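Asks: Take the given structure of chain A and dock chains B, C and D to it, following the hints.
Chain order of the listed sequences is A, B, C and D. Position 129 of the first sequence, counting from 1, maps to 128 under numbering that gives the first Met the number 0, and the rest follow consecutively. Position 321 of the second sequence, counting from 1, maps to 320 under numbering that gives the first Met the number 0, and the rest follow consecutively. Position 113 of the third sequence, counting from 1, maps to 112 under numbering that gives the first Met the number 0, and the rest follow consecutively. Position 201 of the fourth sequence, counting from 1, maps to 200 under numbering that gives the first Met the number 0, and the rest follow consecutively.
Treat the hints as calculated values from the structure; they're not laboratory data. The reader is advised that the hints may include incorrect statements.
The list makes no distinction among identical chains, and a pair is therefore deemed to hold if it is satisfied within one copy or across any two copies.
Below, simulated SDA-like cross-link-like pairs (lysine to any residue); rule was C-alpha separation at most 25 Å, straight line [said to hold, decoys possible]:
{"#": "1", "residue 1": "K4", "residue 2": "M344"}
{"#": "2", "residue 1": "K156", "residue 2": "E291"}
{"#": "3", "residue 1": "K12", "residue 2": "R207"}
{"#": "4", "residue 1": "K12", "residue 2": "E218"}
{"#": "5", "residue 1": "K214", "residue 2": "Y343"}
{"#": "6", "residue 1": "K292", "residue 2": "D189"}
{"#": "7", "residue 1": "K214", "residue 2": "E17"}
{"#": "8", "residue 1": "K292", "residue 2": "D303"}
{"#": "9", "residue 1": "K4", "residue 2": "D81"}
{"#": "10", "residue 1": "K289", "residue 2": "D189"}
{"#": "11", "residue 1": "K156", "residue 2": "T281"}
{"#": "12", "residue 1": "K282", "residue 2": "D303"}
{"#": "13", "residue 1": "K187", "residue 2": "Q228"}
{"#": "14", "residue 1": "K12", "residue 2": "K214"}
{"#": "15", "residue 1": "K12", "residue 2": "E226"}
{"#": "16", "residue 1": "K12", "residue 2": "V67"}
{"#": "17", "residue 1": "K229", "residue 2": "D189"}
These numbers come from a predicted model, not from an experiment.
Now for the letters of each chain:
There are 4 protein chains.
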Amino acid sequence: MLNQKRIRDYGIKIGAMEPGNLNSITDIEGVRVGHVTICDGDAQTGVTAILPHQGNMFQQKLLAATHVINGFGKSMGLMQIDEMGVIETPIVLSNTLSIGVVSDALIQYMLDQNDDIGVATGTVNPLVFECNDSYLNDIRTAHVTKEHVFEALNLTKQEFAEGAVGAGRGMSCYKLKGGIGTASRRFKIDDRDSLLGALVMTNMGQKRDFTIDGKNIGEAISLVDGEDQKPDTGSIIIVLATDVALSERQLKRVAKRAAVGLSRTGSFVGSGSGEVVLAFTTKNSVSHYKNEKIETLTRTHEDDLDILFRAAAESVEEAILNSMITAESTTGVEGNTRKSLQEYMQLLTS
Amino acid sequence: MLNQKRIRDYGIKIGAMEPGNLNSITDIEGVRVGHVTICDGDAQTGVTAILPHQGNMFQQKLLAATHVINGFGKSMGLMQIDEMGVIETPIVLSNTLSIGVVSDALIQYMLDQNDDIGVATGTVNPLVFECNDSYLNDIRTAHVTKEHVFEALNLTKQEFAEGAVGAGRGMSCYKLKGGIGTASRRFKIDDRDSLLGALVMTNMGQKRDFTIDGKNIGEAISLVDGEDQKPDTGSIIIVLATDVALSERQLKRVAKRAAVGLSRTGSFVGSGSGEVVLAFTTKNSVSHYKNEKIETLTRTHEDDLDILFRAAAESVEEAILNSMITAESTTGVEGNTRKSLQEYMQLLTS
Amino acid sequence: MLNQKRIRDYGIKIGAMEPGNLNSITDIEGVRVGHVTICDGDAQTGVTAILPHQGNMFQQKLLAATHVINGFGKSMGLMQIDEMGVIETPIVLSNTLSIGVVSDALIQYMLDQNDDIGVATGTVNPLVFECNDSYLNDIRTAHVTKEHVFEALNLTKQEFAEGAVGAGRGMSCYKLKGGIGTASRRFKIDDRDSLLGALVMTNMGQKRDFTIDGKNIGEAISLVDGEDQKPDTGSIIIVLATDVALSERQLKRVAKRAAVGLSRTGSFVGSGSGEVVLAFTTKNSVSHYKNEKIETLTRTHEDDLDILFRAAAESVEEAILNSMITAESTTGVEGNTRKSLQEYMQLLTS
Amino acid sequence: MLNQKRIRDYGIKIGAMEPGNLNSITDIEGVRVGHVTICDGDAQTGVTAILPHQGNMFQQKLLAATHVINGFGKSMGLMQIDEMGVIETPIVLSNTLSIGVVSDALIQYMLDQNDDIGVATGTVNPLVFECNDSYLNDIRTAHVTKEHVFEALNLTKQEFAEGAVGAGRGMSCYKLKGGIGTASRRFKIDDRDSLLGALVMTNMGQKRDFTIDGKNIGEAISLVDGEDQKPDTGSIIIVLATDVALSERQLKRVAKRAAVGLSRTGSFVGSGSGEVVLAFTTKNSVSHYKNEKIETLTRTHEDDLDILFRAAAESVEEAILNSMITAESTTGVEGNTRKSLQEYMQLLTS
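Pulled out of the complex, with its shape left as it was, chain A reads as follows (with noise of 0.2 Å):
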């Protein structure tokens, strides 16, 4: 997408399967995503907006689940979706420091958009994720207002930047230099033509352990460039979409085959990483008002899982790959710098 050069680009495929036509979450229809990257001196983070789909998310919502690979993390929503099973806003990335805002923000414009919350209805479960992106971003100094959550969500679209860009702007993966990355993987159950993409936000991980495709680099460029000592205290965001019928049981179990794309790429799961995914399908749709006596849902047969299990597993180890690789080198407060990991892609063929 938008001419960046991916991993794909270095020759590096992740698994066996075939990415959709973006190689990206948007691959599924109606899913897009917006940024709004603030850069500025100590101030480097941003915001990052995923639209589930083009309709009203309170009125139609989607099917979803929830699973928290480690939960040292503030994200907000997970309660409901595991009581409810679906989602009813737009899901925004930012920073830590900033998910009151971001939440604030997130509520105002459903409030906007539907008239009868807190009137003749309940009210909204807005869903905000968030690393903490204090390495690069004077992340104490409340950058990120209100307007930029407004901003993001009306940039949303097909096809949109990876890499430093958005909620991930100040973030770091491995300790390079981390942020926003996605990929997505197509397959047939039966004769259906069948979708699911990935988008994460990187903050996680020590730098001897990153591995590309099966292959240690950490250790390299640690040598070349020296390691951070630091513990592993960083987060990730993963954000699963598909096209499939599944239940919300069933997309909990997608949401858990992330860890394993994630563990491919070296991380252990460090103690003060929060590491959350957010799975949904954009095909059982549920109103809000009860419009039919019964509702109808379809769903795969357990058996078929598998193949989005795979496709989970792969989607998620090439959207972190896509993140790092698409980011560029960037230094914030007190000077501090994350290298590009373009920088050391020649380490991996030596």
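Replies: Just chains B, C and D, lined up with the frame of chain A:
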């Protein structure tokens, strides 16, 4: 406390155990509660803050656990408590659509107290709990500001008001006036004097179900007053504090018994009601920074937990009744009114 | 059923809803219950079997969910239900130390019905639930055999005995005689006649807490009869069946409301008590082998669940009372005796 | 151990940490493992027993936790571990359809050691874990008897065989021969020498995914040998032991990192695979009977857990490889054969 007539003052004793001195969560040493009440026409809402101890919560975390009775809610901070077993901020309650601004304020409050957050150490996990007060409060308008949160935190004290105050200002319980209530129990484990207290914010239930000490009064009130046919889409927040040495697993077990007290007031836990419990102990604190090579914690033998379970069930049941009986009748948005339980107590004796 | 005098026959109506024809879990079409009672001196135990439908359970699985109120127990099969959302065998209840032989028998029963298990397809997940009947039963001696399990499965029928029968033979409830009890509720969702039923095996509680329809009778019994000071180390097994179209997530929500009914009989859920709920619907079945490319399941709108929650709470409360009032006084090992609630009902009127 | 050629003997080092003396779970003081292997034509199965310490497990329980990677399995005892945070019996592994007889034997073993169970105190929670060995073993025939369990428990020792032995006799891994494997890691926390070990029973995976130290070898094996198209319906049991002072919550965190090691051997965690982790520490024991008024437990600061997470990931990855490389090619029921990884190791160097 504060000369309010509480449920015991009507001759009603819940359970067989004795209350603490104040019959309040603030019987537990170090626990303090503060309110800011917003009460101006359509604005009927507020903020209630709980300080778990008087020191620096981020530096000296307390062992804690959560329990979700029904997850239709937006409370913040649960995921990290489950993972790490501690709380590290005060607890702030407000209305559902104010969680953004409240968490933003609580983050700022923590930053102001701790120079190292986001610089030399990680971020902080704000604890914000909410109920939907839209029946009485114009919830779509952002009446709660960050200053209200700071003020509530600064006003915390041992003796505090119950009823239609603070975050409880606009809340409804069993379609009567609800709000903030508290109760406590004292008991001995071996020869040690021990305490457990509950604070609740009540906003759940259908009128006909309301039960006082095993006796249904809701049907009689409905006969006099008309049944409110709207579903139970309320929520209840329950905070338990104890000075008994417990592990985080044991605290979760205690938290689960809150549902016993809740059930006995008549609730069947409605689908649209967010019912969340947080339990902490002031006995075991954990340093943010590693001071000792090995941490030593004490805990109570599993065979001695039953008395805590009883105390939790009794305290929650009584706290719910206190939240109602101390609350004055209140009129808010669109002229909606919730009457005080005070007006119906005579129905109980008939 | 079967001419036993049940709690309703004493004029006590739990809740406001109407029971089904038999006021039994077997009101749900296809559900059958069978007992084998072992009653010989020190041997006071047995087996109770529940058939969820009359077909081949392995080939036609039913959507199901579990809820653990307190996990001090050894019931088998829960992990796979949580993962796959279905049950695939009958449900068998017995005493704690017989779970090995009972599961062994249930596996054999399933193998006999299904030639393909362990050859052309995977294995099978036996559902075995238990309480500790050691107060009346010489539990260390293996009185229960595989033949008892086969016999109970073969004896399943719509009208079955309650009280000190089957697996309930040696059970105690509130230190009186417990055992097997059932109840049901009928209701309409839109224009559809619907049913939910509960079967319980009761073995929990302390005498002084025992409460009938909101009225504590346990203290009066203790005064007459002496308080049993032993802790609550019992357990209760609760099985819920419905013919309403529900997803497995919705069934878990229904299962959680069993705790409401339990709490209202006086229990605070003791530390040493294993309290486990299984809920299934006969409406949605899932084929073991994939027959269709896409499965179509129906479910009820979330807004309509409240009536099921009420039905679950009421049915469980009444089933517990039925398990006690139908149980005769029983003497077992070491001359231990549990008296029947029948002997104390006059205390309720005073 | 025992002169078997293990994966390290092929020059393959997993991770950067050093193994313990035996590179085995039995490096942790007090842990012992015993096998009974049944190997007779169609009967290719067995029993493996793990003693967590050499004392009375019921009297001196160990802190423990479980983690379910994928819940398609029938392992017993997890619910009570989650509730109470301890294990109180040895751990016994066998085939799926033998869990009844194995748990029956383990209960009897515990009764024989403890006169008070079921008389003066409660019951006991047997820990039985299983995989489905039906590809090689005639699993429908009950080859495993109670005597095999007693024998395995009696044969436990520090040096034990790996591969196609004990409960691992009939297991398959990546469609090659699997079985029992072990590995360990030693490390320092502050100045304290510490150990963590893993024992696995491997029965999962598809051939083409199999990966050794980041290098896929499964595709090469498939080319030589033909791809087995059957789905991943296997299972893996993972037991972790450590001598580090951890709470049960911390042990659950360690248990979750087993999935990292598993993922790196190529598995994407198939839908029909039961993947269960049990972790315990020998450092903190809890008395069944209350001896002290307050229990004092030690634990490690959360910031020091990362080294344990690494140790868990590395140990599990290496234990899986050891389970395969030590296993001889095996032929069982219907002439089915699983070849040894030994036959394919030359493919790795190409």
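Asks: Go through the numbered hints given earlier and state which of them the structure violates, listing their numbers in rising order.
Replies: 2, 9 and 16
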